[in-house]
Structures are given as structure tokens and as C-alpha cells.
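Engineer: Turn these sequences into a full structure, and let the hints guide you.
With the first letter of the sequence shown counted as 1, position 116 gets the number 116 in the working numbering; the numbers rise by one all the way through.
FYI, nobody ran anything at the bench for these hints, they're computed from the structure. These numbers come from a predicted model, not from an experiment. Just so it is clear, CB atoms sit at the ideal spot from N, CA and C, and this is done for glycine as well. Any given hint could turn out to be false.
[Stated by the list, open to error] So the derived label-pair ranges between C-beta atoms look like this: (1) Thr89 with Arg32: 30 to 38 Å; (2) Gln37 with Asp127: 18 to 26 Å; (3) Ser107 with Gln37: 13 to 21 Å; (4) Asp106 with Ser30: 46 to 54 Å.
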Amino acid sequence: MKRKILATAILVLALLLGSIGHSNAISDVSVRVTLGQPEIVMDYSKDSCRRSQGLDLPDVQAHAVRSPLDQSIILISGNAPVNYTMVGTDFNSLKRNCTPALISGDSPHAYTFDNQEWLLSVYREGDKTEDFQTCATD
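Structural biologist: The structure is reproduced here in C-alpha cells:
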């Protein structure tokens, strides 16, 4: 416990010391963001894989990666207990793939650590595509 408190204190001190003398640097930066018209990526009434159960609702930020197999785009925006992807040659041709990319254990008991899982992000290393998951327990 003492190590955690000491590590936290050192981190806070380093952050404070690192910001001394740099307070004017941020005021010199100008950022401009231009947004286009909103675009529908997934129309639930047409694209949902689980219409009858209402569980195919994107629940996290969308992340895309190019498939090493055919250079198509794989878009992940998961939702527990079933996570689906969208696939297409480009962003304008994405279609819902109704084969689940991940199915959560969905146990109602927290002690199992087999509860709801979301695909949060994907990345590609060479010819291999990997993913990061998160799990929630009650």
C-alpha cells in the first residue's frame, strides 16, 4: 500500500514539475476542425443481425483495420453479449457480417469472470489480425 501511495505521489509531482514554465505553450496552438454531413453507417432496421432480440446495437467506438487476406476493411463496434463486424472493400460498401466475431459467456455470476465482453479495438501485425477485449461483471 505504501508503494502505491509513493508511486502516485511521484507521478503527481512529475506532472506538476513538467507543467511549470509551459503554461503559455498551449495558448499558441490553433486547432481547426471541419465536419461534414452526418452519414449513416448502420441502419438498424436494415442491417441488424439480431432484430428479434434487439442486441445488435453498436456500443463502443468504431475501429477499422484492413484484412491481410483480401485488403477489405473490417469495422468493429462491439456490443455484448454478441459482437458483430462490418466488412467491405471501402467505407461506402460496409455490410454487416452476421457471423459473430465474439460471443460473451454472459454468466449472471460475477465470480465466474465469464460475463459480458466487448471487442474494443483491432490491429494488424503482418498477416495476423488481433483484437483487444474488455469484460464487465455485475
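Engineer: Can you give the numbers of the hints that this structure goes against, from lowest to highest?
Structural biologist: 2 and 3
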